[in-house]
Amino acid sequence: MREVAVASEPNPLQRIPGVAMVLVLLIALFSVIAPGFLSVANLSNVLVQSTILTMLALPMTLIIMTEGLDLSMGAVLTLTSLCVAIVSLATKSMLLGLGAGLLVGTAFGVANGWLVAILGIPPFVATLGTLGMAQGLSLIVSDGQSVVGIPHSVRDIYSATLLGIPVPIVMALVTYAAFHGLLYHTRFGTYIFALGGNREALRYAGLSPNRLLIAVYAIGGAMAGIAGLLMTARMNSGHPTAGLGLEFDAIAAVAVGGTSFERGNGWLLGTLLGVLSVGVLRNGLNLISLPSSVQVASVGVLVIVALFLDGLRSRT
Amino acid sequence: MTDITKGAIAPPRSFLSQDAVQLFYRLLAAFLICAVLAVLSDSFLSLGNILNVLRQASLTFFIASGLTLVVLTAGLDLSVGANVALSACLAGTVIHKTGSPALGILTGLACGGIVGLLNGVMVTALRIPSFIATYGMLWVLNGLTYWYMAGETLHGFPAGFRQIGSGYLFGLPIPIYLLLVFLGIGTFFAQRTVWGQEIYAIGANPVAARLSGIPVARRLLLVYAVSGTMAGLASIIFLSRLNSAEADIGESLTLPAIAAVLIGGTSLFGGVGTVFGTFIGALILTLVLNGMNLLAVSANWQPLVTGVIVILAVWLDMKTRRRAQ
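As they're listed, the protein sequences go chains A and B. If you're matching positions, the first sequence starts at 1 in the working numbering and goes up one per residue. If you're matching positions, the second sequence starts at 317 in the working numbering and goes up one per residue.
Just so you know, not all the hints are guaranteed correct.
What the hints assert, rightly or not - Listed below are the simulated SDA-like cross-link pairs for lysine to any residue, each with C-alpha atoms no more than 25 angstroms apart in a straight line:
no., chain 1, residue 1, chain 2, residue 2
1, B, Lys635, A, Arg199
2, B, Lys635, A, Ser208
3, B, Lys413, A, Ser293
4, B, Lys635, A, Arg211
5, B, Lys635, A, Arg203
6, A, Lys92, A, His239
7, A, Lys92, A, Pro151
8, B, Lys635, A, Leu119
9, B, Lys635, A, Pro209
10, B, Lys635, A, Glu67
11, B, Lys635, A, Asn210
12, B, Lys635, A, Leu212
13, B, Lys635, A, Trp114
14, B, Lys635, A, Ile118
15, B, Lys635, A, Val110
To be verified - To be clear about the criterion: a stretch of chain B counts as covered by chain A if any three or more of its residues have a C-beta under 8 angstroms from a C-beta of chain A, and this derived list gives those stretches:
no., region
16, 442–453
17, 616–624
Stated by the list, open to error - Rough simulated footprint, nothing fancy, chain B against chain A, three-plus residues with beta-carbon under 8 angstroms:
no., region
18, 107–121
19, 126–132
20, 138–148
21, 240–254
22, 283–297
23, 301–308
For the record, the hints were derived by calculation from the structure and aren't laboratory data. The C-beta atom is built at its ideal place from N, Cα and C for all residues, glycine as well.
Generate the whole structure from the sequences, applying the supplied hints.
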C-alpha cells in the first residue's frame, strides 16, 4: 500500500522518508556540535540505550495503526520492572522474574484491549485510566521504595554479549524481525492493517475485530513485560517511577517514523528509525550537557513537528 | 432496520430532562458517599473536615471547569497539570523577584493562558488531534519546568498573598468563595451566552456547526485558552496554599481533573455536560479520596482508585446514553 502512495506523489523530495532525513540531520548536527558523539563507544551506547524504547515503540506502532493509543505503556513497564525485581529477588530466578513481568504486562494489555474493544471506551482515556492503575500498583507493591539486591542473573542480561554484540541489541533485533514477520508476512498482520483502515471489511470476512484489537493491545502489554526485564537489568534495581513517561518517547518514535494517527497505515522500519532519532537526540543533548528536562521538552517539540508534517502531507 | 425505527420514534416526554435526571443521580451518589463516610469515620462530619473537602474540591474544580469546556467540544487537554506546575513556578519567581503578588498573579494567569492558546493553535491551525497535541505539550512543559527550577524549591511568600489559598472570610476558606464565583461564571457562560451554546454545537456536530456559520476555529482557540487560564488560576491558589513551588506539583493533578469532568457527566464525545456537573464530579472524587485518607488508607492507593474511577465514569456514561437513545 505504502509504495503505491509514495510512487504517486510528484515531488521527488517526498520519496525520501521524512524520518531518514530527520535522523541524518540529527546525526550531522551532533557530530559537529557534540564532541565524542561519533566515537564507536558512544554510538554503541546509543544503540544499547535504544533497546528498551524499541520494544515499546514496535507494539505501539501496531496499536496506533488500529487508530488506538496506549498511554499506559510506561507505567506498565514500571510495574513489570518492579515485578521482575521482586520475584527474581524472592526466587533467585531470572526466568520466574521474566514470567511474572510477562504475566502482569499481558494482563494489563488484555485489560486495555477489553476496555477499548468490548466497552468501546476511547483508547486515550481507557489507557489513561490504566496508567493511573499501573502507577498506583507500582507504588503499592514497592511501598514507594526502590527494590535492590536483585540477582546477578538479571543484571548480567544488560551487560552480556552474544558473538560480540550486546544482548539487549540482539533482543531488540529479534523483536524487530518478529514484528516485521508478523505485520508483513502473516494473515494477522494483514488484519491489523484492516483494523485501522477498514474494520467493516473484517466483519464481512467473518472475523472478530474485537478479538484482534485485544490481541494487539495484549502484545503491547507483553512487550512491556519483556522491556521490564531489561529495565530492571539496566538499573540493577526496581524503582516505582523508573519507566514513567517512556510511552511518550515510544509515541514520539512512532509519530516521527511516519505512522499515521488517522489512516491505519504503519511502517515498522520508520518506527525503528524514529527510535534511533529519539535516542540520538537525547544522547546528543546529553553530550552537550543539557539536562534531561530539556531532552524531554525537545522530544515533545519533535513530536509536534512530526505530526504537523504528517498533517500537511495528508492534505496535499 | 431496527436502529432506524428506534431513531424515528420521538423519546417519551418526561417532566425532568435527561440532564437533570443524570445530575440527580450524581448528587445522590455524593450523599451516599457522605452517609457511608459519616458512619465509618467519626471525624468526617466535623466542620474542619467538611471545609477541608470543599477547599480540596475547589482546587480540582478550577482545573476541571476549564477542561469541561474543552471536553464539551469533544477535545481533551492533558497538559493542565503540567501547566499548573509551570505557571506556579513562574508566578512564584516573579513574586520573589519583584515582591509584588499582583504581578505574580498576572504572570501565572498569563502563562496558563498562553500555554492554552498554543494548545488551541496546535488543534485548530496545525490540525493535530487534541489528545496528542496536549500530550506533547505536557512533556514540553514538564521539561521546561524542571529545567527552569533545576531542583530548587521556592518558598515563603507574602502573608497577603497567602490569604488567597489559606485565608478565611466569615469563617469560610477563601477558595470556597472563588469556587462559587467561577461556578457561577462558568454556568452562565456555558448555558446562557451565545458563545457557550456555540461550544455545545461544535461538540455535538462540528460540521453542522461550521455550516451554520459558527467560527469553529476561533471558539476552539477560546476554549483551550480558557482551560489554560483556569490552570493558571489554580496555580496561584496552589502556590498561595502550599506557600511553596516545586517542579513536580502538577504531576498528580491531571488525572483527578479529567476524572472530575467525566464523573460530572460531561461526555467525551462532546456536546453533553455542564460545569455544575463537573463541580459535583470534583466533590465526589474529593469525598472518595478524603474518605480513604480518614480511613488511614495509604496515599499510594490514590492513583489506582482515580484510574478505576475514570474508567468507571466513562463506561457508566456510555451505558446510560446508549440506553437513553
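These are the hints, each one checked on the structure:
Between Lys635 (chain B) and Arg199 (chain A) the CA atoms are separated by roughly 23 angstroms; this keeps the pair inside 25 angstroms, and the hint holds. As the CA atoms of Lys635 (chain B) and Ser208 (chain A) are separated by approximately 22 angstroms, the hinted pair is consistent with the 25 angstroms bound. A distance of roughly 24 angstroms separates the Cα atoms of Lys413 (chain B) and Ser293 (chain A); the hinted pair therefore holds under the 25 angstroms criterion. In summary, the hint linking Lys635 (chain B) to Arg211 (chain A) is supported, as the alpha carbons are separated by about 21 angstroms, within the 25 angstroms threshold.
Simply put, Lys635 (chain B) and Arg203 (chain A) have alpha-carbon atoms about 23 angstroms apart, close enough for the 25 angstroms limit, and the pair holds. This hinted pair checks out: Lys92 (chain A) and His239 (chain A) have alpha carbons roughly 18 angstroms apart, not beyond 25 angstroms. In summary, the hint linking Lys92 (chain A) to Pro151 (chain A) is supported, as the alpha carbons are separated by about 6 angstroms, within the 25 angstroms threshold. Pair hint Lys635 (chain B) plus Leu119 (chain A) holds up; C-alpha atoms about 9 angstroms apart against a cutoff of 25 angstroms.
Restraint check for Lys635 (chain B) and Pro209 (chain A): satisfied, since their Cα atoms lie roughly 21 angstroms apart, inside the 25 angstroms limit. A distance of roughly 22 angstroms separates the Cα atoms of Lys635 (chain B) and Glu67 (chain A); the hinted pair therefore holds under the 25 angstroms criterion. With a CA separation close to 18 angstroms, the supplied pair Lys635 (chain B) and Asn210 (chain A) stays within the 25 angstroms bound. The hinted pair formed by Lys635 (chain B) and Leu212 (chain A) meets the criterion: a straight-line CA distance of about 23 angstroms does not exceed 25 angstroms.
At most 25 angstroms may separate the alpha-carbon atoms for a hinted pair to count; Lys635 (chain B) and Trp114 (chain A) meet this at roughly 16 angstroms. Restraint check: the Cα-Cα separation between Lys635 (chain B) and Ile118 (chain A) comes to about 12 angstroms, which is no more than 25 angstroms; the hinted pair holds. Note on Lys635 (chain B) and Val110 (chain A): the hinted pairing holds, with a Cα-Cα distance of about 21 angstroms set against a maximum of 25 angstroms. Here's how the region 442–453 of chain B fares: 10 of its residues keep a CB closer than 8 angstroms to some CB of chain A, so the rule of at least three is met and the hint holds.
A count of 9 residues in the region 616–624 of chain B with a Cβ less than 8 angstroms from any Cβ of chain A is obtained; the coverage claim is therefore met, three being the minimum. Here the region 107–121 of chain A counts 4 residues with a CB under 8 angstroms from a CB of chain B, which clears the bar of 3, and the coverage holds. Counting residues of the region 126–132 of chain A whose CB falls under 8 angstroms from any CB of chain B gives 6; the rule of at least 3 is met. Counting residues of the region 138–148 of chain A whose C-beta sits closer than 8 angstroms to any C-beta of chain B gives 4, which meets the bar of three, so the coverage hint holds.
Look at the region 240–254 of chain A against chain B: 3 of its residues bring a Cβ nearer than 8 angstroms to a Cβ of that chain, three or more, so the hint holds. Only when three residues or more bring their CB closer than 8 angstroms to a CB of chain B does the claim for the region 283–297 of chain A stand; here the count is 7, and the claim holds. Figure legend: the region 301–308 of chain A, annotated as covered by chain B; annotation consistent (5 residues with Cβ-Cβ distances under 8 angstroms, at least 3 required).
Checked against the numbered hints given earlier, the structure satisfies every one of them.
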